[in-house]
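**Student:** Knowing the structure of chain E, use the given hints to seat chain X on it.
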Amino acid sequence: MFDKILIANRGEIAVRIIRTCREMGIRTVAVCSDVDKNSLHAQLADESVCIGPYRAKDSYLNMERILSAAIQTHSQAIHPGFGFLSENSKFVKLCGKCGIKFIGPDQSCIEKMGDKLEARNIMIAAGVPVIPGTNNPIKNAKQAFELAKEIGFPVIVKAVHGGGGKGMRIVMDASEFDTMFETAKKESKNAFDSEEMYIEKYLTNTRHIEFQILGDSFGNVIHLGERDCSIQKRNQKMIEETPSVAINEELRQKMGDTAVKAAKAVNYNSAGTIEFLLDENYNYYFMEMNTRIQVEHPVTEMVTGTDLIKEMINISLGKELSLKQEDVVFSGHAIECRINAEDPDNCFMPCPGTITDMHFPGGNGIRIDSALFRGYEIPACYDSMIAKLIVHGRTREDAINKMRSALGEMVIQGVKTNIDFHYAVMSEKEFADGDFEKINESLKERCC
Amino acid sequence: MLQGMFKKTLKAKSNEKVKDSIQKSQIPNGLFKKCPSCDQIVYAEDIISNYYSCPNCDNYFRIGAKTRINMVADKGSFKEWDNNLETKDPLSFPGYQKKLANFKSATHIDEAIITGECLIREQAVAIGVMESEFLMGSMGSIVGEKITRLIEKATELKLPVVIFCCSGGARMQEGIFSLMQMAKTSQALKRHSEEGNLYISILTDPTTGGVTASFAMLGDVILAEPGALIGFAGPRVIEQTIKQKLPKDFQTSEFLLEHGFIDRIVKRNQMRKTISFLIRSSK
Numbered sequence: 001m002f003d004k005i006l007i008a009n010r011g012e013i014a015v016r017i018i019r020t021c022r023e024m025g026i027r028t029v030a031v032c033s034d035v036d037k038n039s040l041h042a043q044l045a046d047e048s049v050c051i052g053p054y055r056a057k058d059s060y061l062n063m064e065r066i067l068s069a070a071i072q073t074h075s076q077a078i079h080p081g082f083g084f085l086s087e088n089s090k091f092v093k094l095c096g097k098c099g100i101k102f103i104g105p106d107q108s109c110i111e112k113m114g115d116k117l118e119a120r121n122i123m124i125a126a127g128v129p130v131i132p133g134t135n136n137p138i139k140n141a142k143q144a145f146e147l148a149k150e151i152g153f154p155v156i157v158k159a160v161h162g163g164g165g166k167g168m169r170i171v172m173d174a175s176e177f178d179t180m181f182e183t184a185k186k187e188s189k190n191a192f193d194s195e196e197m198y199i200e201k202y203l204t205n206t207r208h209i210e211f212q213i214l215g216d217s218f219g220n221v222i223h224l225g226e227r228d229c230s231i232q233k234r235n236q237k238m239i240e241e242t243p244s245v246a247i248n249e250e251l252r253q254k255m256g257d258t259a260v261k262a263a264k265a266v267n268y269n270s271a272g273t274i275e276f277l278l279d280e281n282y283n284y285y286f287m288e289m290n291t292r293i294q295v296e297h298p299v300t301e302m303v304t305g306t307d308l309i310k311e312m313i314n315i316s317l318g319k320e321l322s323l324k325q326e327d328v329v330f331s332g333h334a335i336e337c338r339i340n341a342e343d344p345d346n347c348f349m350p351c352p353g354t355i356t357d358m359h360f361p362g363g364n365g366i367r368i369d370s371a372l373f374r375g376y377e378i379p380a381c382y383d384s385m386i387a388k389l390i391v392h393g394r395t396r397e398d399a400i401n402k403m404r405s406a407l408g409e410m411v412i413q414g415v416k417t418n419i420d421f422h423y424a425v426m427s428e429k430e431f432a433d434g435d436f437e438k439i440n441e442s443l444k445e446r447c448c
Numbered sequence: 001m002l003q004g005m006f007k008k009t010l011k012a013k014s015n016e017k018v019k020d021s022i023q024k025s026q027i028p029n030g031l032f033k034k035c036p037s038c039d040q041i042v043y044a045e046d047i048i049s050n051y052y053s054c055p056n057c058d059n060y061f062r063i064g065a066k067t068r069i070n071m072v073a074d075k076g077s078f079k080e081w082d083n084n085l086e087t088k089d090p091l092s093f094p095g096y097q098k099k100l101a102n103f104k105s106a107t108h109i110d111e112a113i114i115t116g117e118c119l120i121r122e123q124a125v126a127i128g129v130m131e132s133e134f135l136m137g138s139m140g141s142i143v144g145e146k147i148t149r150l151i152e153k154a155t156e157l158k159l160p161v162v163i164f165c166c167s168g169g170a171r172m173q174e175g176i177f178s179l180m181q182m183a184k185t186s187q188a189l190k191r192h193s194e195e196g197n198l199y200i201s202i203l204t205d206p207t208t209g210g211v212t213a214s215f216a217m218l219g220d221v222i223l224a225e226p227g228a229l230i231g232f233a234g235p236r237v238i239e240q241t242i243k244q245k246l247p248k249d250f251q252t253s254e255f256l257l258e259h260g261f262i263d264r265i266v267k268r269n270q271m272r273k274t275i276s277f278l279i280r281s282s283k
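Protein chains in written order, with our numbering: chain E, 1 to 448; chain X, 1 to 283.
So here's chain E without its partners, still in its complex pose (with noise of 0.2 Å):
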């Protein structure tokens, strides 16, 4: 067993992890830029570092520094959360070459996944169904439009070495190709420095269907079910639920299988997600695979029982995992609302300052993984979800009934909030009626 873990993240993931750590025995060390240092994060780890200023570069991004923190704190293994440093295989191979554990999967699953247009011609060879699209990088905008001609228009230009939406465009008409794929790539190239692009075909109407993945240093693969993450804006997820309503158990059967197989052709060894769209015909594509524990993780762990992150640092020890596919039992429906710092009546803005005053909901199947505290001080350089707000309940309406119950009594003062927007969508026929679609459209008219 570790005796102590350096948690290279913060807010309530950092929280999250120390939490379990915490009923493992093991040890943790919070690293803290310099705005970070009373925060949650920093006050419930053992030990707590603070590694540099605000900016991300020079504190949850510095490499050296987390590095160097582990060393003096005599950490033997670094948890890297999500975002961050969490898909950087540079890290890895540092963290490889200081003799620290990094908790996640090895240096090449990152790399090979990170990699877009490779991580889809793995899947091609293992047999995984791809969005249709060109298979080879391009530079070209002449030769560009041709391949996207043969897919057929509305296509999505994508860079190569991208994330994160940016050097991403949809393309509806040939009239526009040219001027969207220069854009897309000057993007690409002034933000990863890379002029390699593929296309895709654009699939309307689609739901964003994931599956969890847990994989071993011993080829064992299994997967803890799907999660549907159709409601977003601005390419963000905002409310995730296992299982999804648009999936049946056959399908459901075939998804997790492909996930595997997924999983499997990169000998993929930690916690990841396998994204897919799903049409409106069941036709469902690898969209990209996810080399970290994600956001939306909890509904999971809520129907499942398992904690992730106790799966992630028993795999990182080199132990067998604890469950077989057999044994996975799903129970009930999972919701989760991320809590936002923003105004969702003007664009949905982020609204840092300080928490005057709050209050989280209780009660059964009502789980919150927050870094809040009254008094906090949301810092304006960071990311705006300031809590998760997760319900567990038998069906999918005793789910939504105690979201809104929830949502209901949380309070929290000081900052605007998108508690009540969720409250709203909670109570909104199309979300009991699973059509994400004009929620979606709702969202868009609201982003400006």
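Hints are computed from structural coordinates only; laboratory data are not their basis. Hints should not be assumed to be uniformly reliable.
List of simulated lysine-lysine pairs, DSBU-like, C-alpha gap at most 35 Å [claimed, not checked]:
(1) E:Lys237 x E:Lys166
(2) E:Lys319 x X:Lys24
(3) X:Lys8 x E:Lys319
(4) X:Lys11 x E:Lys37
(5) E:Lys37 x X:Lys13
(6) X:Lys11 x E:Lys310
(7) X:Lys245 x X:Lys66
(8) E:Lys166 x X:Lys273
(9) E:Lys429 x E:Lys166
(10) X:Lys248 x X:Lys66
(11) E:Lys319 x X:Lys13
(12) X:Lys248 x X:Lys273
(13) E:Lys438 x E:Lys254
Where chain X lies over chain E, by a calculated footprint (3+ residues, C-beta under 8 Å) [what the hints assert, rightly or not]:
(14) 22 to 29
(15) 97 to 107
Predicted model only: the values in this text are computed from it and were never measured. All C-beta atoms, glycine included, are put in the ideal place defined by N, C-alpha and C.
**Tutor:** Just chain X now, with coordinates in the frame of chain E:
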């Protein structure tokens, strides 16, 4: 606010041991480097993959002659010339021989320049690259001789000459013999030029003294790396002589470009392409 409110983690009682390799955590020597320009600690491999420059501020690190050759020459095309010349101590300068021996064993290089021929994008060139690690790239009689032979052979073979200059100037331990190399190399270049051959001089950090005063400034085309120190006497000597304050960027490649001493500043990642373009254009 919540300071000291939480109980510490109760350590698990476990007989399991973490693998030995995990317990010995340390940052290996040389994994990171501090950039002298921006003071940031940078991953050494990032510096190398970024053409030996700081990924944070683009400051150029000095590079050895062999690395430089690998950077510009077509893979495996370099053939060294005149690597059998032995440095003598003509003035019996105190400590010179010992110094030479120390440098040779520390750097595994025999002198402050490597010369030879190679292909740059499939075009044959005679190339000389000075080595700052060896007595600060100073020019003694062997350096001068190797450059002269390089130019003479290039004249004979009708090859363009490319020299990467990097030097503290003439080698004081060889006195007048060092200064004589200035005239010798310049004469050879004159003959090379009269035969209609191209000479590209590339000034890197630092190019000073007798080297600046001879072959470094005689290129048909003179290129320089960004931010390189280029001059004859050092700024302190000049300030004391003329009794005036010098501009802040005095003796940098940018200053020299602005004042018409060099033709272009070329980044390392563009160097191979630029040299190849110049050679092709001269034909």
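**Student:** Need the list of violated hint numbers for this structure, in ascending order.
**Tutor:** Violated: hint 7 alone.
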